[in-house]
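With chain H held as given, fit chain D onto it using these hints.
Protein chains: 2
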Amino acid sequence: MRSYWLERAWTGRGPVRDGLLVDVEDGRFTAVRSGPPGQATRLLGLTLPGLANCHSHAFHRALRGRTQLGRGTFWTWRTRMYDVAERLTPDRYFALARATYREMVATGITGVGEFHYLHHGPGGTPYDDPNVMGDALLAAAREAGIRLTLLDTCYLGSGFGAPPEGVQERFSDGTAERWAERASRRGVTWSAGSAVSPGGGDPSARVGAAVHSVRAVPRDQVPVVAAWARDRGAPLHAHLSEQVAENEACRAAYGITPTDVLAEAGALGPLTSAVHATHLTDRDVALLGGSGTSACFCPTTERDLGDGVGPSRRLRDAGSPLTVGSDSHAVIDLFEEMRAVELDERLATQERGHWPAAELLDAATGDGHRSLGFPDAGRIEPGARADLVTLDTASVRTAGTGADEATAVFAASGADVVRVLRDGVDVTVDRAEVGAELDRAVRALEED
Amino acid sequence: MRSYWLERAWTGRGPVRDGLLVDVEDGRFTAVRSGPPGQATRLLGLTLPGLANCHSHAFHRALRGRTQLGRGTFWTWRTRMYDVAERLTPDRYFALARATYREMVATGITGVGEFHYLHHGPGGTPYDDPNVMGDALLAAAREAGIRLTLLDTCYLGSGFGAPPEGVQERFSDGTAERWAERASRRGVTWSAGSAVSPGGGDPSARVGAAVHSVRAVPRDQVPVVAAWARDRGAPLHAHLSEQVAENEACRAAYGITPTDVLAEAGALGPLTSAVHATHLTDRDVALLGGSGTSACFCPTTERDLGDGVGPSRRLRDAGSPLTVGSDSHAVIDLFEEMRAVELDERLATQERGHWPAAELLDAATGDGHRSLGFPDAGRIEPGARADLVTLDTASVRTAGTGADEATAVFAASGADVVRVLRDGVDVTVDRAEVGAELDRAVRALEED
Numbered sequence: 001m002r003s004y005w006l007e008r009a010w011t012g013r014g015p016v017r018d019g020l021l022v023d024v025e026d027g028r029f030t031a032v033r034s035g036p037p038g039q040a041t042r043l044l045g046l047t048l049p050g051l052a053n054c055h056s057h058a059f060h061r062a063l064r065g066r067t068q069l070g071r072g073t074f075w076t077w078r079t080r081m082y083d084v085a086e087r088l089t090p091d092r093y094f095a096l097a098r099a100t101y102r103e104m105v106a107t108g109i110t111g112v113g114e115f116h117y118l119h120h121g122p123g124g125t126p127y128d129d130p131n132v133m134g135d136a137l138l139a140a141a142r143e144a145g146i147r148l149t150l151l152d153t154c155y156l157g158s159g160f161g162a163p164p165e166g167v168q169e170r171f172s173d174g175t176a177e178r179w180a181e182r183a184s185r186r187g188v189t190w191s192a193g194s195a196v197s198p199g200g201g202d203p204s205a206r207v208g209a210a211v212h213s214v215r216a217v218p219r220d221q222v223p224v225v226a227a228w229a230r231d232r233g234a235p236l237h238a239h240l241s242e243q244v245a246e247n248e249a250c251r252a253a254y255g256i257t258p259t260d261v262l263a264e265a266g267a268l269g270p271l272t273s274a275v276h277a278t279h280l281t282d283r284d285v286a287l288l289g290g291s292g293t294s295a296c297f298c299p300t301t302e303r304d305l306g307d308g309v310g311p312s313r314r315l316r317d318a319g320s321p322l323t324v325g326s327d328s329h330a331v332i333d334l335f336e337e338m339r340a341v342e343l344d345e346r347l348a349t350q351e352r353g354h355w356p357a358a359e360l361l362d363a364a365t366g367d368g369h370r371s372l373g374f375p376d377a378g379r380i381e382p383g384a385r386a387d388l389v390t391l392d393t394a395s396v397r398t399a400g401t402g403a404d405e406a407t408a409v410f411a412a413s414g415a416d417v418v419r420v421l422r423d424g425v426d427v428t429v430d431r432a433e434v435g436a437e438l439d440r441a442v443r444a445l446e447e448d
Numbered sequence: 449m450r451s452y453w454l455e456r457a458w459t460g461r462g463p464v465r466d467g468l469l470v471d472v473e474d475g476r477f478t479a480v481r482s483g484p485p486g487q488a489t490r491l492l493g494l495t496l497p498g499l500a501n502c503h504s505h506a507f508h509r510a511l512r513g514r515t516q517l518g519r520g521t522f523w524t525w526r527t528r529m530y531d532v533a534e535r536l537t538p539d540r541y542f543a544l545a546r547a548t549y550r551e552m553v554a555t556g557i558t559g560v561g562e563f564h565y566l567h568h569g570p571g572g573t574p575y576d577d578p579n580v581m582g583d584a585l586l587a588a589a590r591e592a593g594i595r596l597t598l599l600d601t602c603y604l605g606s607g608f609g610a611p612p613e614g615v616q617e618r619f620s621d622g623t624a625e626r627w628a629e630r631a632s633r634r635g636v637t638w639s640a641g642s643a644v645s646p647g648g649g650d651p652s653a654r655v656g657a658a659v660h661s662v663r664a665v666p667r668d669q670v671p672v673v674a675a676w677a678r679d680r681g682a683p684l685h686a687h688l689s690e691q692v693a694e695n696e697a698c699r700a701a702y703g704i705t706p707t708d709v710l711a712e713a714g715a716l717g718p719l720t721s722a723v724h725a726t727h728l729t730d731r732d733v734a735l736l737g738g739s740g741t742s743a744c745f746c747p748t749t750e751r752d753l754g755d756g757v758g759p760s761r762r763l764r765d766a767g768s769p770l771t772v773g774s775d776s777h778a779v780i781d782l783f784e785e786m787r788a789v790e791l792d793e794r795l796a797t798q799e800r801g802h803w804p805a806a807e808l809l810d811a812a813t814g815d816g817h818r819s820l821g822f823p824d825a826g827r828i829e830p831g832a833r834a835d836l837v838t839l840d841t842a843s844v845r846t847a848g849t850g851a852d853e854a855t856a857v858f859a860a861s862g863a864d865v866v867r868v869l870r871d872g873v874d875v876t877v878d879r880a881e882v883g884a885e886l887d888r889a890v891r892a893l894e895e896d
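Protein chains in written order, with our numbering: chain H, 1 to 448; chain D, 449 to 896.
Next comes chain H alone, as it looks inside the complex:
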C-alpha cells in the first residue's frame, strides 16, 4: 500500500481545500479521507483525477505546424495527412504513437480513445497478421504508460457510394462483415456487459468499435458495426456532422441526417460517442440526448479545420454527456480543450457562462473515461482506479488564482502538470526526452 497527501484536490464530487489522504493498493484507491500528511507522499498543488482524451488519431501528430504553408487551406491539411498515412509502417506507427502518447501523459492524460483506421499495407493488402497496425498502438500505449481504448474503425469508402481512393485503400476492409471478422480475430477475452480486454488481459487496455462516418460506411453497413459493439458491451464511436457538406451529401444520398442514419442503425446509446456533433438539427439533438449518447467535442481541432461551433450546452441539457478529445493533435492539452468548449460557445452566442468549471472537469475525467469503457476511472474515490494528476498552482500561468477547479479549467495548461499516476503507477515523463522521441518519430517519416 502506498499513501499520498493531496494539498488541494478536485475529486469528481467537489473541491477539497484542506488536504486529502488517499491510500492506493493494486492500482486502486482503497481509502480517501481528510487529514494531515503524516508519512504520506506529499503532492503539492492541485490534484485532479486522470484526464481522458476521448478522440485521438495518433499519427496526425506528425502534421503539427506542417499544414500552414502559404495560407494553409483544408486541402493543404488533407494532402499532408494522406502523405503521412502513406508512409506509415507498423514500426513507424508504433514509434509515432508511443511518442504522441507520452506527450499526452506529460499533460496529465491517463486514458486515450484511439480512433484507428489505418489497418492494411500499401494498396490495401492485409498484413500477414491483419491486426498488426492496431496491435502496434496497444504496444505503444503500454510502453507510454497510458490507458488505451482501441476503437477499431470501419472505413469502407471515400464518400456516399464512392469506393476508397489512394491511401484510403489501407483503411478499408471491403465490407462491414469483413471488418467485424478482422476485428473479432484480435485475441480478446470478451466479457459481456462490461468493457473488454485484448489478448494478455492487460487491464489498462480495451477494444471498442467505430463507424468512421456516414460518408465512409454505407447506410446498410452501419448496423453491422453497431451490433458488433452492442453484443460485446464495447464502446462505439463515430464522427458525426463535422461539416455542413457532410450533412448536405447525406440528405442528398438518403434524405435524412447523419444522426438519423446512426439512430436507425441502433448505433446510439450510453456506450456511444458522437464525435464533433457540430451541425445538428433540433431533432438530431433530441435523438442524441434522449439516447444518452456522449458528445465528444474536439474544439482545438474544430478551430483548426474551421468546422464551426457545435451546440455543446444544448446537447448536455438534452441528455448527452460531454467528453473532449485532442483529435488531430494540433495541440495536446485537455485544459485548453475544456475551456475552449466554453469560450467558443461564448463566441457563438456572445454570452458568457454556459459551462461551470466543474462540469468541464467531469467531461475531461469521469465522463470521458466512462465513454471509453472505463467507468471505474476518472474519480478520486474508494474502489476507483488510482489516477492522480497534480498541477503546479504557483506557475506563471496559475499563480494568483484560486487553486481550484476554475484554475484547472481557465488558467492551467498541460505545461503545469508535474506528476501523473495511472492505475497507481507513477508514469510522470521527462519532457525533454519526450521531445527528442517525438522529433525522431516524425523525422523517420521523411526517410524512404
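Hints in this document: simulated from the structure, not taken from any laboratory.
For clarity, every value in this text was computed on a predicted model and none was experimentally measured.
The beta-carbon is built from N, C-alpha and C at its ideal position, and this holds for glycine as well.
Wrong hints could be hidden among the right ones.
Unchecked claim - Stretch-level coverage of chain H by chain D, calculated; a stretch enters the list once three of its residues show a Cβ under 8 angstroms from a Cβ in chain D:
#	region
1	63–69
2	338–346
To be verified - With the Cβ distance kept under 7 angstroms, some of the chain D side facing chain H (calculated, not the full set):
#	residue
3	Q516
4	F522
5	A554
6	A805
7	E807
8	F858
Just chain D, lined up with the frame of chain H:
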C-alpha cells in the same frame, strides 16, 4: 560589442534556416549576417524579434481564474474587476504590474502598451502627485525589463451622457481638457514627429494617449485627446465596437457608429490603434483601413468576454495593420493570440487559410512595436533595437514541426521561450520566482 549566433531565425523579412550571426552594441543590432557561430553566444532553437503586447490592463491579471464562479456571467467578471480596482493603491498597482510584466517577459514579450485609466485615489480624489499611478507602471516596467508605452487614458463617464459611477470616479479627470493638463504634467521631453520619453529620458519607455471608448468619452471631448496625441506624434489607442450593445447605444445617442465618432474627431491614422474592432460596418472597415489605423485584436479576451469574432482579414485588406494584445490577461501568451486570430476567423467563416504565419508574426513583432511608438523595434536588422526571443524547438509542443514561422504561430506557447533579450540586455526571467511574485501581488489585494 556582443555577438550571438541564431541557429534558426525569423527576422521580420523572412526565415533563416542555416545560422545567423548578429552583433549588438549600445542596445542595437550593428551587423546581421549568415555564417558559422565562431565565438558568438549560441542561441539554439528558433529566434524571433521581440514580441509586442499592444493592449494590456495590468491589474486584470488578478482576475485570472476568479471570474468563473458558478457559470461566470459578464457581471461576475465586471464585479470582480471593479472590486480589484477599488483595492489598488500606488504600491499595490506597482507590485501587481511588475509581476504581470515579468510574466510577459517570461513569454517573450519585450514591449507592452498599457491602457491605463486608474488615475486617482478613492472617490476620485487626485493623489498629491496626480500621475503617481501611471508612474508606478513606468517604474514596474523598468524593474521588469520590459519596454512600455504608457497609454494615458481619458475616461470621463459610465456611458453615453452618464457620469462615472462608483470606482469609475477613480478613472475620471472630469473633462478632456483636465485629462490633457494632467497628462501634460508628466515630466516628459516631447520630440515632435517621433515617440516621446517620460522624465529621465528612459529610452525604453514612451507616453501615448487613449480614448477609453466612445461610451466613456463624450463626442465633443474626443477631438481634444486626438489633438493632444497628434501634436506630440504620440500613439493614440481606443477601444472600438467591442460589443453590439456599444454600437447600438452610440447610434441611439449620436446617429453614427463609434468609428464615425473617431473619424470626425480626427482620431484615426497610422499612429492610432482601434482595439477589438469586432462589430463593424463596411463603412467602418473602409474608414479604418483607408486611414491606416491599426486594428489591435485580443482574441483570448474576446473569447473570454464573448465579444464575437472581428473582421481581421477584411481590415488588413482594407489597409489596417493587425496587432495583438493579451488585454485582460486571462492568458498571457502572444503565440496563442496570433493563432487565435486565424483560428477564430476559421470558426466564423468555416474556411481555413486567412492569415499566413509570417503575417501573424509581423503583427506580434514589427507592426505591434510600431503601433506603440517604437518603429525601430520588432525586426532583426542592422540599426534596430536588439530584441531576441528564442524558442525551444524540441519541447513536447514544438518537436517534430518544421522549426519555422509556422512552428512559432501554430505550435509554440509562451512556455517554450527560453531566452529573452531586450535592447541588448538579457532579461530572461526565472519562472518560479515570477510565479511567487504574482502570488504575493494578488494576495496583497485581499488584505485591508
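Hint by hint, here is what the structure shows:
Counting residues of the region 63–69 of chain H whose beta-carbon sits less than 8 angstroms from any beta-carbon of chain D gives 5, enough to reach three: the coverage restraint holds. A count of 3 residues in the region 338–346 of chain H with a Cβ less than 8 angstroms from any Cβ of chain D is obtained; the coverage claim is therefore met, three being the minimum. Residue-level restraint check for Q516/D holds (minimum Cβ-Cβ distance to chain H is 4 angstroms; threshold 7 angstroms). Interface restraint check for F522/D: the shortest CB-CB distance to chain H comes to about 5 angstroms, inside 7 angstroms, so the restraint holds.
Checking A554/D against chain H: minimum C-beta separation of about 5 angstroms stays under 7 angstroms; hint holds. Proximity of A805/D to chain H holds as hinted, the smallest CB-CB distance being about 5 angstroms (cut-off 7 angstroms). Taking 7 angstroms as the C-beta cut-off, the interface hint given for E807/D is violated, the closest approach to chain H being about 9 angstroms. A hinted interface residue such as F858/D counts as satisfied when its beta carbon comes closer than 7 angstroms to some beta carbon of chain H; here the least separation is about 5 angstroms, so the hint holds.
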